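Listed in order, the protein sequences are those of chains A and B.
Going by my numbering, the first residue of the first sequence is number 1, and it counts up by one from there.
Going by my numbering, the first residue of the second sequence is number 1, and it counts up by one from there.
Hint data in this document are derived by calculation from the structure and do not stem from the laboratory.
From a predicted model like this one, the values you see are computed outputs, not experimental measurements.
Take these hints with a grain of salt, some might be off.
As the list claims (entries may be wrong) - Simulated pairs of lysine to aspartate or glutamate, EDC-like, Cα-Cα distance not exceeding 16 Å:
1. B:LYS315 - A:GLU322
2. B:LYS282 - B:GLU307
3. A:LYS304 - A:ASP15
4. A:LYS126 - B:GLU307
5. B:LYS282 - B:GLU254
6. B:LYS323 - A:GLU362
7. B:LYS305 - A:GLU43
8. A:LYS357 - B:ASP298
9. A:LYS5 - A:ASP15
10. B:LYS315 - A:GLU363
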Amino acid sequence: MQIDKSKFPIIYGHDPRKGEMFQVVNEEGEIVNPDFMPDLTDEQLFEIYTWLIRMRISDEKANNLQRQGRMGTYPSIYGQEACQIGAVWPQEKSDWLVPTFRENGMMWMKGVPLEQTYLYWIGNEKGSEFAEDLNMLPVAIPVGSHTIHAAGIGWAERIKGGNNVAVCSFSDGATSEGDFHAAMNFAGVFKTKCVFFCQNNQYAISTHRNIQTASDTIAEKAFGYGLPGVMIDGNDVFAVIATMTEALKLAREFNTTTLIEAVTYRLGAHTTSDNPKIYREDSEVEEWAKKEPLIRLDKLLRAKGILDDEKAAKVEEDARQEVSIAAKKALEAENPKITDMFDYLLSETYPELEEQKQQLIEETNE
Amino acid sequence: MSRELKIVEAINEALFQGMERDERVMVLGEDVGIEGGVFRVTSGLQEKFGKDRCVDTPLTETGILGAAVGLAINGMIPVCEIQFDGFIWPGFDHIINHIARFRTRTRGRITTPVIIRVPFGGGIHALEHHSESMEAVFSHIPGINVVIPSNPHDAKGLLLSALQSPDPTIFLEPKKIYRAIKEDVPEAHYTVDTKKAQVLREGNDVTIISYGAMMRETKLALTEYLKTNELDFELIDLVSLSPIDYETVIKSAEKTGRVLIVNEEPRTCGLAAELAAVIQEKALLSLKAPIERVTGFDVIMPLLKMEDHYIPGPKRIINGLTKVLNF
Numbered sequence: 001m002q003i004d005k006s007k008f009p010i011i012y013g014h015d016p017r018k019g020e021m022f023q024v025v026n027e028e029g030e031i032v033n034p035d036f037m038p039d040l041t042d043e044q045l046f047e048i049y050t051w052l053i054r055m056r057i058s059d060e061k062a063n064n065l066q067r068q069g070r071m072g073t074y075p076s077i078y079g080q081e082a083c084q085i086g087a088v089w090p091q092e093k094s095d096w097l098v099p100t101f102r103e104n105g106m107m108w109m110k111g112v113p114l115e116q117t118y119l120y121w122i123g124n125e126k127g128s129e130f131a132e133d134l135n136m137l138p139v140a141i142p143v144g145s146h147t148i149h150a151a152g153i154g155w156a157e158r159i160k161g162g163n164n165v166a167v168c169s170f171s172d173g174a175t176s177e178g179d180f181h182a183a184m185n186f187a188g189v190f191k192t193k194c195v196f197f198c199q200n201n202q203y204a205i206s207t208h209r210n211i212q213t214a215s216d217t218i219a220e221k222a223f224g225y226g227l228p229g230v231m232i233d234g235n236d237v238f239a240v241i242a243t244m245t246e247a248l249k250l251a252r253e254f255n256t257t258t259l260i261e262a263v264t265y266r267l268g269a270h271t272t273s274d275n276p277k278i279y280r281e282d283s284e285v286e287e288w289a290k291k292e293p294l295i296r297l298d299k300l301l302r303a304k305g306i307l308d309d310e311k312a313a314k315v316e317e318d319a320r321q322e323v324s325i326a327a328k329k330a331l332e333a334e335n336p337k338i339t340d341m342f343d344y345l346l347s348e349t350y351p352e353l354e355e356q357k358q359q360l361i362e363e364t365n366e
Numbered sequence: 001m002s003r004e005l006k007i008v009e010a011i012n013e014a015l016f017q018g019m020e021r022d023e024r025v026m027v028l029g030e031d032v033g034i035e036g037g038v039f040r041v042t043s044g045l046q047e048k049f050g051k052d053r054c055v056d057t058p059l060t061e062t063g064i065l066g067a068a069v070g071l072a073i074n075g076m077i078p079v080c081e082i083q084f085d086g087f088i089w090p091g092f093d094h095i096i097n098h099i100a101r102f103r104t105r106t107r108g109r110i111t112t113p114v115i116i117r118v119p120f121g122g123g124i125h126a127l128e129h130h131s132e133s134m135e136a137v138f139s140h141i142p143g144i145n146v147v148i149p150s151n152p153h154d155a156k157g158l159l160l161s162a163l164q165s166p167d168p169t170i171f172l173e174p175k176k177i178y179r180a181i182k183e184d185v186p187e188a189h190y191t192v193d194t195k196k197a198q199v200l201r202e203g204n205d206v207t208i209i210s211y212g213a214m215m216r217e218t219k220l221a222l223t224e225y226l227k228t229n230e231l232d233f234e235l236i237d238l239v240s241l242s243p244i245d246y247e248t249v250i251k252s253a254e255k256t257g258r259v260l261i262v263n264e265e266p267r268t269c270g271l272a273a274e275l276a277a278v279i280q281e282k283a284l285l286s287l288k289a290p291i292e293r294v295t296g297f298d299v300i301m302p303l304l305k306m307e308d309h310y311i312p313g314p315k316r317i318i319n320g321l322t323k324v325l326n327f
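Please model the entire structure based on the sequences and the hints provided.
This is how it looks when you write it as structure tokens:
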């Protein structure tokens, strides 16, 4: 089926090789690209704002829990909320989300209760036990490894004649792993139903994106695999929503996978184990902080009369309460059973394994 | 002259001295440069030796280990850092199919003296894929040495020794005790034999074999056990996981007749199983009890909440000890 490229003006109309970056709302909160502004009601705009605040506060809470020794290592999404919201907002419920480990917000929007995400970072296996009807893989810590899994899911979807799209999210560091290239190649060759969403947050721990690749953009890597690639402002939630909407349609209707490079910045540390002051200047962080997603969204909504101080305070208060309840639930949750590590291993147990299980039970009861 | 160092500091000093002595030595890996590695093992190296000799690579273990093959073939001595044990697998192809094989394939003409440093094992409450003990997988590969220190002194000496070896080495770094043990380490350059197990204490009642971070747990268990019992134990730090110094192991097994092996890997097809097989082959008639393995379980390493139930602690070690003594 021939793709009418004019129907996908964002993806086919912005060439990353020419340095073109798609944006809808600029850093000042001005709609600079009105033709592409997603058709959203005032209520929906307010909902997007609410999500952003909830994500930011949930992130702050997780960092605090870690500092208090009540959570393990935690990867912050601070500054990347537009990517988190925009990548999920246009998805159908049955679409797949294949995350790496900096998708806490995406997972929440997709349907994972916040307390469950907290549980995972607390180090409790129940954090990956999602609801049966949720098409989502658990967190993938080995960087880039999940991209090829997403290609497999999107491939199977085409074979089955299904209509769901596998959205795979990863960061700039992942594009160096061989698996990413295998994923892109399979996506092209096997016409998979996928969207590859790269949150280019400029750093893989201390390694700057310029050390990651010598190419000017990440988006242009798509062309070598016969796929479309587009670079967008990843701090502009409307640019992300609009682009993801097109990419989902392209995958769903034309079995064509898009590589979206969403240019953003990790304002926080890589994880709570990281000290970014070692490898980046405060001045650089301050420059990017001016472009972060909340400032422009706040300005836009106030200009439209959707938001004022009173409403903002209420959103924040509600979010703090919600997050606090989620944290409490996660902290009070029971640990997995000591035997879970044996019982979830395979569909059937075997004598040697039972013997080891018994050994652990006896050891624990002593 | 010596002063007290931790394992991280001892390895760092070995890298400094190795790079100073031989300009072919270079360090490459993820975040090893400006950051000095996530555990700070390579701290200060880029500052001192420049970006060409302490290299922040793109995030690809295939790239790091694969490029190391070419670097080594063309005259460099690459020291690769794999950030965490669980991340080595994309590069495994280069270890098993190339680094370990070039000497054999080229009948000794081409060698690949690559050192692969890997923070190793559990116990630091890290994330998924950050805590596994898969040493037997490496020891199973013919053509590559596998070494693991259990203290700062050996960490420095073993790494300096590996740097002088014409053969490749997987250098496992017990991350749980990276900073837990501080002891005297000579300032000067020295080497520790990478092929030799060390008898840490001589005794007649039982041979206890361990290595890496589990050596510390084993010592803790023994301290506990000795509070209420008497025991003339012989303690062996295996040090080299490939090749294994069976001479030392068998001599001890023949003397004591009882053997306890402590490590944290999954039990099946592990190093402990291999040791037990060879001990019974060579010293069967000296044995007074079945060889006892105290290991992790044949399961996926649990997340941090349940991690301590997987890793052998003093309790499991004492149970194993009691079993082998009371048979």
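Right, here's what the structure says about each hint:
1. B:LYS315 - A:GLU322: 42 Å, violated
2. B:LYS282 - B:GLU307: 36 Å, violated
3. A:LYS304 - A:ASP15: Since the Cα atoms of LYS304 of chain A and ASP15 of chain A sit roughly 32 Å apart, the hinted pair is violated (cutoff 16 Å).
4. A:LYS126 - B:GLU307: 14 Å, holds
5. B:LYS282 - B:GLU254: Holds: LYS282 of chain B and GLU254 of chain B sit about 9 Å apart, inside 16 Å.
6. B:LYS323 - A:GLU362: Holds, at roughly 14 Å.
7. B:LYS305 - A:GLU43: 41 Å, violated
8. A:LYS357 - B:ASP298: 10 Å, holds
9. A:LYS5 - A:ASP15: Since the Cα atoms of LYS5 of chain A and ASP15 of chain A sit roughly 13 Å apart, the hinted pair holds (cutoff 16 Å).
10. B:LYS315 - A:GLU363: 7 Å, holds
Violated hints, in rising order: 1, 2, 3, 7; the structure is consistent with all others.
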